[in-house]
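**Student:** All chains should be built: construct the whole structure from the sequences, respecting the hints.
Take a look at the letters that make up each chain.
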Amino acid sequence: MAVPVLALRDVSKSFGATQALSGMTLELFPGEVHAVVGENGAGKSTMIKIMTGVHEPTSGTVEVDGQPVTLSGPRGARTRGISAIYQEPMVFPDLDVAENIFISATDLGLVQRKGLLREKASQLIARIGMGLDPDRVASGLTLAEQQAVEIARALSQDVRVLIMDEPTASLSAHEAGELRRIAKGLAAEGVAVVYISHRLEEIFDIAHRVTVIRDGRHISTRPIAEVTPDGMIAEMVGREVGNYFRKDESHATPEVLLSVRGLSQEDVYEGVSFDIHRGEVLCMAGLIGARRTDVALSLFGIHPATGGTIHWKGQEVRIASPREAMALGLAYVSEDRRKLGLAMPLSIRSNVTLATLGKVLTRWGLLREGRERAVTQGYRERLNIRMADADTPVGKLSGGNQQKVMLAKWLETNPALLIFDEPTRGIDVGAKAEVHDLIRQFVRAGGAALVISSDLPEVLALGDRILVMREGRQMGIVPHEDASQEAIMRLATGQERAAA
Amino acid sequence: MTRLSPGALRILALLLVLVLVAAFFATQIDNYLNARLFNRISSSVAIVALIATGQTLVILTRNIDLSLGSVVGFVAYATGAIVSAAPEIHPVLLALAALAIGAGFGLLNGLLVAYAGIPSIITTLAAMAIYRSALVEFSGAQSITTEDLPQWLVDFPNTQLFTLAGVQFRAAFVAAVVIVILVHLALLRLRPARALYAVGSNPEAAEMAGIDARRTVLAAFVAAGALAGLAGLFFLARFGNITVVAGLGFELKSIAAAVLGGVSINGGSGSVIGALIGAVLVDLIENSLVRWELVSEFWREAVLGFLILSAVSADALLMRRLTRLRIRREKAAPAPTPKEATS
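Protein sequence lines, in the order shown, are assigned to chains A and B. Take the first sequence: its letter number 124 is residue 124 in my numbering, and every next letter is one higher. Take the second sequence: its letter number 125 is residue 125 in my numbering, and every next letter is one higher.
Treat the hints as calculated values from the structure; they're not laboratory data. Fair warning: there could be bad hints in the mix.
Said to hold, decoys possible - Output of the computed footprint for chain B on chain A, the stretches with three or more beta carbons under 8 Å from beta carbons of chain B: (1) 71–82; (2) 91–101; (3) 109–117.
Please read all numbers here as calculations on a predicted model, not as lab measurements. By construction, the Cβ of each residue, glycine as well, lies at the ideal position given by its N, Cα and C atoms.
**Tutor:** Here you go:
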């Protein structure tokens, strides 16, 4: 048996209390396209970062040509011939194509010879079969062209392992086909290509072997001939549906609160149509790049939709700003707590009243601290927020408690519809169950919830109906009775499309 | 390809603005366009252009150096002290001393920014105050006067090198322009210098591409310090009298020159030639406002500030337009046709 050019042996990685990878093993041989699949959060990104030297493994070894090595950062990995390209290409917008390709080359001398650079760049671009002018400035390139530049940059340094992390997620079908052709060509030249994608059809088109990972663990590695789409999905989903997640009966009423028809935003998503009834939880499932958050941002007026209609309580409305959305009775609990959700250095009580400051001000615009404390105390009991006191900065709380503070902030606006984006990402199982209960309480009390989640057990536990999106398109709405993890994954990966 | 690069386009636009500004003031002020105007501006630009060039190097990496004015002042005093203590010192040695002292200050800034991770605006704000105080301490609040200096140094800025169309080109100005052009060529042609653009353009990508971003930032600060040091020597030669306030405000003037010259404050784009023209523009406007009766002296600074704001917003608008145009053109153009792989 040949020696793998790059291998992970029993590699584990933890960040604080979170175990991102445990006992991961992977062998890459020259000339193969090795697909790695897994759900969001399965540990793929961590694995790539270990292979490219961004992270060091907590335990286990990385081997190059059978020798254990320590990769010191991306530079160290590059000198050993390991390069990665990402969904978002890493180009320098102000430099031209040729300069982008050779920016870190060390063998071209001190003085830049434009002619030489251009000629060498043209050779590399020709090698991957693209037509691209080396003089063009990178900021004007399409995403696909930027990726070609990145691949050429990797090739400029004698690449032996090329890791492609969801390279086609933002590309058109034609461009994606081109990229796969390039990847195949490189493998034929003897490069080991790691190909990560959520598009199963791509994997069957390109891969020689497939590794499935789940929850940071290696599940299987098989030649592509021995893999079926259904078998692969079953392995990706795999885990037992735990007892934490229990669906209670639906509280949906006949009253339609929000009705969306043919909603679209140019170049982002299109054809999104659904109703949400009072008392209902509608879940949105899909993989990364499905554009679910973009739909939520449109509904909340952050990036208004460019097409389609929105009816709120039977009236047609246009929602052009978060202020208007809040006036209607919408609230949006963001997935990005740090950036869009909480003011981390501020106290808990300041965060709770942030969206409703008017309620705790006196007639003269002064803050009534006692009132603020009372409001915060109310939520502390209702949501079981574990905190020392209301003056603690929110940043010091655990993820689950931060989530509850954010929820408290929005509940205080007294919304009729709560849009919840990845409500339990990065919080522990106990807190998850509590957040689920809070969502159920909210709809029982006459609200409605739109929950975006990539966590399939969560979707099944919460959703009265489940809307599945894929790459900006609505693939179908599955009622809870008919839903299973496999059925949702088939829609989310484009294996089938329900009659909508 | 005869298409002009965006950089060249920007330089042309700047020159056009320069001509327009000069033409405008020519209609407002009697006997405006003459050799005296050129002399006055060129002797001032000789100093500011050097500082603006250094500032540009730093801004290209998405940083800023507020301490350059203090460095100019310190080096002006230090070189003055050296030359009065040892009047026989060789001019080249004195220039090297100026460069070295400036580079030392730059090294300090760069280490703090690149390796200790302190944001450049904070580091250099502190450094600005500290270096200024160091000058006060070092000088014992004594001034250097022209009498302390050797004649060659005092003569240097006014030495007439050649005359073109009745306009005198003096040594300091010519030296500064030559240095700016050298730095410009280095930025354009030296491969390590391209890292400055890469780091400022996309720091994360630079890291992923294996560029040593820290060393690049450090190098920018050292070079900026050295250039400010040289400017300090020019300052000494021009004014002769050096007090503890020497070079005060030059850091802001250099930023204004760079920004007017089209250097993006977000890093990654711009040229030192642009900064040179920016420096000329700032000086031209300042000089002209003094002679423009319509604007009272209290409003001069405000007019300058207003001009900087308009230049930057015009630039932002123009660039957005251009980008949108380019995207539209690319969408209209057929997708690049893939060729068969040749290997």
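**Student:** State whether the coverage of the region 109–117 of chain A by chain B holds or is violated, taking the criterion as 3 or more residues with Cβ-Cβ distances under 8 Å.
**Tutor:** holds (count 4)
**Student:** Quick check: do three or more residues in the region 71–82 of chain A have a beta carbon closer than 8 Å to a beta carbon of chain B?
**Tutor:** holds (count 5)
**Student:** Counting residues of the region 91–101 of chain A with a beta carbon closer than 8 Å to any beta carbon of chain B, are there 3 or more?
**Tutor:** Three-residue rule met by the region 91–101 of chain A, so holds; n is 6.
Going through the hint list in order, the structure satisfies each hint without exception.
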